[in-house]
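*Asks:* As a plain string of letters, each chain reads:
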Amino acid sequence: MLLAPPNPTSVLFEPSPVSGFAATFRLEIAQALRARWFWAYAAVFFALVGLLLVFGLTESRVLGFTGLSRTLVAYIQLAMAILPIFVLVTTVRSLAGDREAGVYEYVLGLPVGLGAWYAGRFFARYVLAAAPVVGALASALAYGAVRAVAIPWAELGFDIGILLAMILAFVGLGFFIASVARSVDLAQTAAFLLWLVLILGLDLVLLGVLIRDRMPVEGVVAIALLNPLQVFRIGSMILFDPQLVLLGSTAYAVFDVFGRAGFLIWSLAYPLALGAGSAYAGFRAFRRGDLL
Amino acid sequence: MILIKELSKQFGATRVLDHLSLEAPSGQRIALVGSNGAGKTSLFRSLLGEYSYHGSISIDGLDPRRDRARLLRMIGFVPQIAPRLETPTGAFIRYVAEVSGASVEEIEGVAKSLGLDVAAVRNRAFVRLSGGMKQKLLIALALGRPTGLLILDEPTANLDPAARAVFYDLLAARGRHTAMIISSHRIDEIAPLVDRVVELDRGRIVLDDTVTDAGALGSSFLVEVETNRVEASFARAAGEWGLTQFEGHRWRGAIAGPDRLRFLGFVARHAGLLSGVELREADRESVNADTLSA
Chain C
0 MLLAPPNPTS VLFEPSPVSG FAATFRLEIA QALRARWFWA YAAVFFALVG
50 LLLVFGLTES RVLGFTGLSR TLVAYIQLAM AILPIFVLVT TVRSLAGDRE
100 AGVYEYVLGL PVGLGAWYAG RFFARYVLAA APVVGALASA LAYGAVRAVA
150 IPWAELGFDI GILLAMILAF VGLGFFIASV ARSVDLAQTA AFLLWLVLIL
200 GLDLVLLGVL IRDRMPVEGV VAIALLNPLQ VFRIGSMILF DPQLVLLGST
250 AYAVFDVFGR AGFLIWSLAY PLALGAGSAY AGFRAFRRGD LL
Chain V
0 MILIKELSKQ FGATRVLDHL SLEAPSGQRI ALVGSNGAGK TSLFRSLLGE
50 YSYHGSISID GLDPRRDRAR LLRMIGFVPQ IAPRLETPTG AFIRYVAEVS
100 GASVEEIEGV AKSLGLDVAA VRNRAFVRLS GGMKQKLLIA LALGRPTGLL
150 ILDEPTANLD PAARAVFYDL LAARGRHTAM IISSHRIDEI APLVDRVVEL
200 DRGRIVLDDT VTDAGALGSS FLVEVETNRV EASFARAAGE WGLTQFEGHR
250 WRGAIAGPDR LRFLGFVARH AGLLSGVELR EADRESVNAD TLSA
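Sequence order for the protein chains is C and V.
Its first residue numbered 0, the first sequence is counted upward by one per residue in numbering that gives the first Met the number 0.
Its first residue numbered 0, the second sequence is counted upward by one per residue in numbering that gives the first Met the number 0.
Simulated from the structure, these hints should not be mistaken for laboratory data.
All values reported here derive from a predicted model rather than from experimental measurement.
Backbone N, C-alpha and C define an ideal beta-carbon position, used for all residues, glycine too.
Be aware that one or more of the hints could be misleading.
What the hints assert, rightly or not - Just some of the chain C residues that point at chain V, by a computed CB distance under 8 Å:
1. 22
2. 34
3. 258
4. 260
5. 261
6. 288
Claimed, not checked - Just the calculated beta-carbon pair ranges, DEER-fashion:
7. C:222 with V:10: 21 to 29 Å
8. C:264 with V:10: 41 to 49 Å
9. V:13 with C:218: 42 to 50 Å
10. C:222 with V:51: 56 to 64 Å
11. V:62 with C:15: 17 to 25 Å
12. C:46 with V:129: 16 to 24 Å
13. C:283 with V:207: 33 to 41 Å
14. V:62 with C:218: 26 to 34 Å
15. V:53 with C:283: 18 to 26 Å
16. C:114 with V:176: 29 to 37 Å
Could you build the full structure based on these sequences and the hints that come with them?
*Replies:* Here you go:
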């Protein structure tokens, strides 16, 4: 028996931007939880924590760090190596891939506002990128609590903060790249090149060369402080190593410009601003032209 | 009411829509035909606000780019190629219902009438469904919503005869409340569904004609076919058309009016087997009675 057609004027409820945002957020999460990339990504971070604990880093003394502080420092340094490229590539692959797979054509033909749709996807991606990283850290804490190891709460809280800020920066940069580059290949190449540039900017040798070639110190410091990886690196060390002796001359220049407290704020605020700004610029670019 | 004025769209040096103008009153059903690259999909994407363009489009006074979400609330869209969505089917249906203010039950009811049991595939990724299942679900998502305009891009390409018949009935049930634009490469596939045919070629309208057709939406035909021997392939195909075998080599059943050209094509492919064919228009009651008695 056939159904009577729905009355064109009688929607059950009036969809709002908030409901469009929430629905898109949930859809993105549901989709990612079925994807292999997400579980591989989560497994990497849990395996990292597991390995650090198994190899007894909580009990070793390396460069003055012991206990969970040592585990935390090692985890943060490894996260910095893995997280940016992983977040960038999975984000741009997913977004640009959806465009090529006809997902945009269909979904953007539904009555969801562009802003609500974009924001829903952005925050879902952010949660998906952040949850395994924080979850793995939480498991290290649980281990520490069971083993009655001292937990460095202040350092831990700050490091989670800068980790979350760095993830936001790279999710935002990924959204920007995927909005501007229209194919998966182009988007992936751009993401990889960006990561390479940031890694090069991280290299103290490169910064040393710039200084040797008489680039003004202020310029070198500016390059360092605009590089989210460098900001993260310094920020992650600053609580454990207040004099930043491990980082060398760039770090001293940082103290001259910001002071310690100023840099702590900068290392949280700058990646957040960079991520939000990149995502917004991506949205402007996406909305302006063809959506497909 | 759809009002398109001087619509142009260009990709690099290629102009896919070329100063196209079209006016369609509310409730009109338009067949959009043309070969590959004629501009059908570009026109659809412009109507859906997915492409920027030169010229103007107004649907009930709304602009697809400026009033996107408000306008899309009135439009049901079935794409030619199903999106490769990894989302579980149930979550996908909930999403469409939620953003369009529709009812999940209504959508699933339409899917069921098309022969798709959503409960059985609720947890399966949409991309893992068969071509026919995807098509049925996309149609259900468009027809299970309160819309005033349907944009259907090759909607019956993957449907079996039974699902096609239901689909035609669902369109007929919408009456004149809903305007439709249906595209196809072949006019004979969709002519019975519409009352106007617009042909595109290289982004321009090259034919704009009205259609008066006895085999319109909602009509049915009683068919009887006699073969000179039993052939397994014919028996299988006849079964797919819903025909029932009786008195040895004879087959009987009912087909949807808009499907009769397609049915004649099927019969023609088995011409060597045939000793008789009868096709006559019937009202719904006689079709049901006849099908039951068969």
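*Asks:* The structure should be examined with respect to each hint, and the outcome stated for every one.
*Replies:* Hint check:
Interface hint status for residue 22 of chain C: upheld, as the beta-carbon distance to the closest one in chain V is roughly 4 Å, under 8 Å. A cut of 8 Å between beta carbons decides the hint on residue 34 of chain C: the least distance to chain V is about 6 Å, and the hint holds. The interface hint given for residue 258 of chain C is broken, as the beta carbon of that residue sits about 48 Å from the closest beta carbon of chain V, more than 8 Å. Annotation: residue 260 of chain C was flagged as interfacial toward chain V, and the flag is violated, the nearest CB pair being 45 Å apart, outside 8 Å.
At its closest, the beta carbon of residue 261 of chain C sits 43 Å from a beta carbon of chain V; the interface hint therefore is violated under the 8 Å criterion. Below 8 Å, beta-carbon pairs count as interface contacts, and residue 288 of chain C has one with chain V at about 6 Å; its hint therefore holds. The hinted range of 21 to 29 Å is not satisfied by residue 222 of chain C and residue 10 of chain V, whose Cβ atoms lie roughly 39 Å apart. For residue 264 of chain C and residue 10 of chain V, the Cβ-Cβ distance of about 47 Å falls inside the hinted range of 41 to 49 Å, so the restraint holds.
Against the hinted window of 42 to 50 Å, the Cβ-Cβ separation of residue 13 of chain V and residue 218 of chain C comes to about 46 Å, which satisfies the hint. For the pair residue 222 of chain C and residue 51 of chain V, the supplied restraint of 56 to 64 Å is violated, since their beta-carbon distance comes to about 37 Å. At roughly 21 Å, the beta-carbon separation of residue 62 of chain V and residue 15 of chain C lies within the given 17 to 25 Å, and the hint holds. The hinted range of 16 to 24 Å is not satisfied by residue 46 of chain C and residue 129 of chain V, whose Cβ atoms lie roughly 38 Å apart.
At roughly 39 Å, the beta-carbon separation of residue 283 of chain C and residue 207 of chain V lies within the given 33 to 41 Å, and the hint holds. Under the hint 26 to 34 Å, the C-beta atoms of residue 62 of chain V and residue 218 of chain C, about 48 Å apart, miss the expected range. Residue 53 of chain V and residue 283 of chain C have their C-beta atoms about 21 Å apart, which keeps the hinted 18 to 26 Å range intact. A hinted range of 29 to 37 Å for the beta carbons of residue 114 of chain C and residue 176 of chain V is consistent with their spacing of about 31 Å.
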